[in-house]
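> Sequence:
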Amino acid sequence: MSSRDLSHVRAVGFDLDGTLFDHRACADQGILDFSALMDWSLSVSEAEASREWHRVEDLHWDRHERHEIDFHQQRTSRMRDFMDFIGVELAAGQNYEQLFIDYLACYQALWKPFDDLASLLDRLDQLGLPFGILTNGRESQQRGKLETMGISERFPRMVASSELPDAKPHPSAFEALAGALGVGCGELLFIGDDLRKDVHGSLGVGATAVWITAREDAQAHIDERIWLVRRLGEVTAAF
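Its first residue numbered 1, the sequence shown is counted upward by one per residue in the numbering used here.
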């Protein structure tokens, strides 16, 4: 829908990766930059390598969230599977954990907030609407992303799954964010890029769900309860 009645909204929640900055583009380019730095000769196209890196990230991060593997295991599993995919073996003295840490430098060098984020936050401040982040991740790592992008001071309120019994899309995660913002879940507008974790999760507690995505087939996956946007500026305009 092009317009929304937001008169009931008393606070705004944000996902972090993919919502405040383009995590996927940074991760996809980051692994290519890292592969070039390592002088790895790819056995597949760059597009295929990027897609595989994103696939193994989703696979092993979900395993971590289900408590099947720990934080370090999900990192080493991602690097191991990716190297298997591109046909590269560990060299003498290498280990998957250190390689992943080295990859992070390439990934982090690409971080920057979406260019229309500041305008949205300014508008929320003008309206006196509190806002905060609900993220599936380690609080220290996620806070570090905000600091690297220079926006940490704008988000004093952040709820991370590492401090919760359950991650998104569990209702208790959204309830924790609403509590931190001092509102009920029905008064919360939540913006995220993950249809299952962010959008359906927030809908499940009665929040107003905003799906930010550039997917061409997005409309086919939503109903009238979901507000589909391509940019944060569309939310700013609605307020």
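No lab work stands behind these hints: they were computed from the structure. Given the structure is predicted, the values throughout are model-derived calculations rather than measurements. Quick reminder that beta carbons are idealized off the backbone N, C-alpha and C, glycines included. Be aware that one or more of the hints could be misleading.
[Unchecked claim] Cβ pair distances, simulated, as ranges:
no.	residue 1	residue 2	range
1	L90	D58	43 to 51 Å
2	A92	D116	18 to 26 Å
3	R123	W40	42 to 50 Å
4	K112	S140	15 to 23 Å
> When the hints from earlier in the document are held up against this structure, which numbers fail?
Hints 1 and 2 contradicted; others consistent.
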